[in-house]
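These protein sequences, in sequence, are chains A and B.
Mapping of the first sequence onto the working numbering: residues 144 to 507, in sequence order.
Mapping of the second sequence onto the working numbering: residues 372 to 754, in sequence order.
No lab work stands behind these hints: they were computed from the structure.
Any given hint could turn out to be false.
Simulated crosslink set (DSSO-like; lysine-lysine; CA at most 27 Å straight-line) [unchecked claim]:
1) A:Lys495 <-> B:Lys650
2) B:Lys483 <-> A:Lys495
3) B:Lys662 <-> B:Lys650
4) A:Lys262 <-> A:Lys331
5) A:Lys495 <-> A:Lys262
6) B:Lys650 <-> B:Lys483
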Amino acid sequence: MAALRRPPRIRVPGPIQWMHENLFSSAFNSVLTLVAAFLIYQTVVPFVQWAFIDAAWSGNSRDACLTFEDGACWPFIIERSGQIVYGFYDVAERWRVDVVFIILGLGLAWLTVPGTPGKIYVGALMVAVFPIVAFVLLVGGFGLVHVPIEKWGGLLITLVVAVTGIVVSLPLGIVLALGRRSDLPVVKGLCVAFIELWRGVPLITVLFMSANMLPLFMPDGMTINKLLSALIAVALFSSAYMAEVVRGGLQAISKGQYEAAAAVGLGYWRSMAFVILPQALRLSLPNIVGNFIGLLKDTSLVSIIGFYDLLGIVQAGNADAEWATPNTAMTGYVFAGALFWVMCFSMSRYAKALEDNLQAGERR
Amino acid sequence: MSWWRTRRTQDLLFQAALLGGVVLLIGGMAWNAAGALERQNIASGFGFLDNTAGFDVVQTLVPYDETSTYGRVLIVGLLNTLLVAILGIVLTTLLGFVIGIGQLSSNWLVAKLCRAYVETLRNIPLLLQLFFWYFAVLRALPIPRDSWNIFGAFFLNNRGLYVPGPVTEPGFGLVVLAIALGTMGSLLLSWQARRRREAQGVITPVALQSLALIFVPALVISAVVGFPLHFTWPVLEGFNFEGGIVVLPELMALVIALSTYTASYIAEIVRAGIQGVAKGQIEASQALGLKRSPILRLVLVPQAMRQIIPPLTSQYLNLTKNSSLAVAIAYPDLVSVFAGTTLNQTGQAIEIIAITMGIYLTLSLLTSSAMNWYNARIALTER
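Could you build all of it, start to finish, from the sequences and the hints given here?
Right, here's the structure in full:
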């Protein structure tokens with residue numbers, strides 16, 4: 144009996160045994176391990192060699208890079224870092240962009256870090272007040288010098304397009320999703336047509352439309368800003384996707400919730416606002432973040448219609464004769480790719496954490 | 372309650388107002404557009420499709436030259452888009468399934484490697500990856516004289532990939548006919564074998580017979596007519612290659628970028644599909660004494676595929692829509708030659724954007740209705 148009372152022995156495999164179990168458990172697995180190791184050796188090692196060991200790190204012209212034939216040309220990135228972040232924004236006014244970035248960063252941190260108080264109010268401020276403050280700071284007015292939109296670029300344009308897209312598409316998407324589930328045939332039909340139209344076509348055709356067709360639709364004598372028309376295109380496009388995400392959340396709410404809201408005497412709008420939407424949006428939050436990741440990646444398409452966004456400015460730098468070296472293009476792409484990757488990957492981790500959190504709530 | 376305060380009346384009024392608003396908005400935009408077109412002296416209507424295009428296209432799957440019409444440009448562009456889509460879909464399916472299954476491998480290194488692939492490619496914009504492949508990899512290849520030589524038949528350089536080109540001779544049609552008939556015969560054979568298995572429980576192996584049926588008659592016929600197919604080999608002459616077929620670097624970059632990027636999404640779909648099969652299903656089939664291969668073939672794969680196919684189709688659609696990024700590297704796809712060059716030459720933005728969007732929209736709606744039909748067919752029938 145004494146033997147039975149002893150706690151079960153927990154087997155901790157040693158490194159050799161771990162390798163035997165996880166890497167070389169069969170002949171086939173051993174071959175796979177070797178192939179994978181060979182692939183890693185063939186890709187990671189040359190990359191590290193190119194990006195760090197053989198790379199040029201200092202200097203202020205292409206001559207510094209030409210001596211390092213098989214390595215990245217980092218001076219190109221260092222020299223162009225101002226353009227990569229701000230585009231051609233007046234150097235003396237760049238602090239205004241910094242302020243916008245800082246407010247955005249603080250607001251996002253407040254909203255995403257668990258346990259901070261007053262998330263609802265901060266969220267409302269970020270959606271309702273921040274865009275106005277950012278607009279005034281970036282464009283000018285109230286004593287600030289006017290900076291024309293043609294001078295914006297780099298990370299600034301990328302974030303302006305992505306954030307505007309999400310801020311506009313969220314309310315629009317909610318309305319469209321509610322409309323698609325409406326009992327009223329005209330409302331439902333219009334919403335379905337709108338959603339399916341934008342979801343069925345590539346973003347680049349929508350951007351071409353905004354660049355070529357929107358100016359024609361304006362009343363005589365009224366011109367439309369190039370950036371504004373691109374923003375409209377992105378907002379329309381992403382609101383269709385947002386509508387589908389919100390619809391997914393709405394579908395997950397059980398019928399009893401609708402009936403209970405009706406039973407306590409709430410009309411359609413109030414039952415939506417106080418009972419259904421708070422639950423549905425909470426459920427769709429991970430997918431909303433996922434949507435935002437897609438939007439952030441898609442903003443790179445504005446470089447095709449002539450904006451110098453993060454990718455566009457790197458692309459322009461690659462074509463610049465002043466920096467023509469065999470490694471300039473590769474360096475630019477690797478840097479821009481790493482920047483996008485950090486932003487998207489951290490958001491996708493956040494979405495995953497949200498999802499796990501939701502499921503933990505369901506499990507209890 | 373008076374009649375105008377009933378729910379029904381209010382719903383009707385609300386909808387009428389909404390419809391009126393939309394009609395007014397569209398009407399207003401049309402009015403403005405008509406005025407703007409008149410002021411700028413731009414023609415309208417679809418007559419331009421019969422006008423001569425006057426520009427050349429670097430890759431055409433149907434006969435085309437500078438004297439062809441804009442309507443012809445539309446067809447050339449559409450076919451180029453479909454070519455990229457088909458090549459991309461085949462490659463991305465293979466890659467996506469391999470990586471998706473790899474993510475579930477019991478081999479630690481393989482699983483981690485596949486995971487790293489998915490997380491890297493999914494989080495970088497497709498356009499950036501496309502630029503990377505085109506400008507940093509393919510355009511940086513050596514000049515034709517220093518081409519990479521692969522088995523003396525394929526040559527890779529900064530002008531593209533040169534591959535042997537097939538040339539058919541009279542009698543080739545007969546061989547194709549023989550292969551087609553053989554394939555039909557083998558399908559019939561396997562259908563028969565399946566019916567026999569379901570009715571009598573007798574398993575008839577048909578794999579060898581099917582292969583023989585497809586290839587033996589075709590081989591015999593081609594021997595009789597004197598092997599009516601030969602290849603022209605690419606040969607370096609002066610500064611470039613002659614003979615064979617050239618795969619443009621634009622096409623290669625587009626296919627590589629689209630298929631590797633989409634594969635990272637497909638891998639996740641495949642992983643979720645396999646993990647979504649209830650554990651009890653596998654345990655039940657083990658309890659029945661089935662071996663590993665029939666468990667995979669008869670229990671796991673059919674159930675996983677039911678979850679995989681709908682999102683897989685929407686990824687195929689995404690790939691097709693994303694092929695429009697071709698315009699950024701000047702591959703002559705639908706958007707590039709039609710919504711790009713043709714639009715710039717004619718200025719008829721409304722008609723051209725409408726046609727382009729209409730084509731993509733038709734593709735999307737066709738695919739999604741096929742998917743709805745498929746979903747209804749394979750949906751679990753609860754008894």
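key: List of violated hint numbers, smallest to largest   = 4
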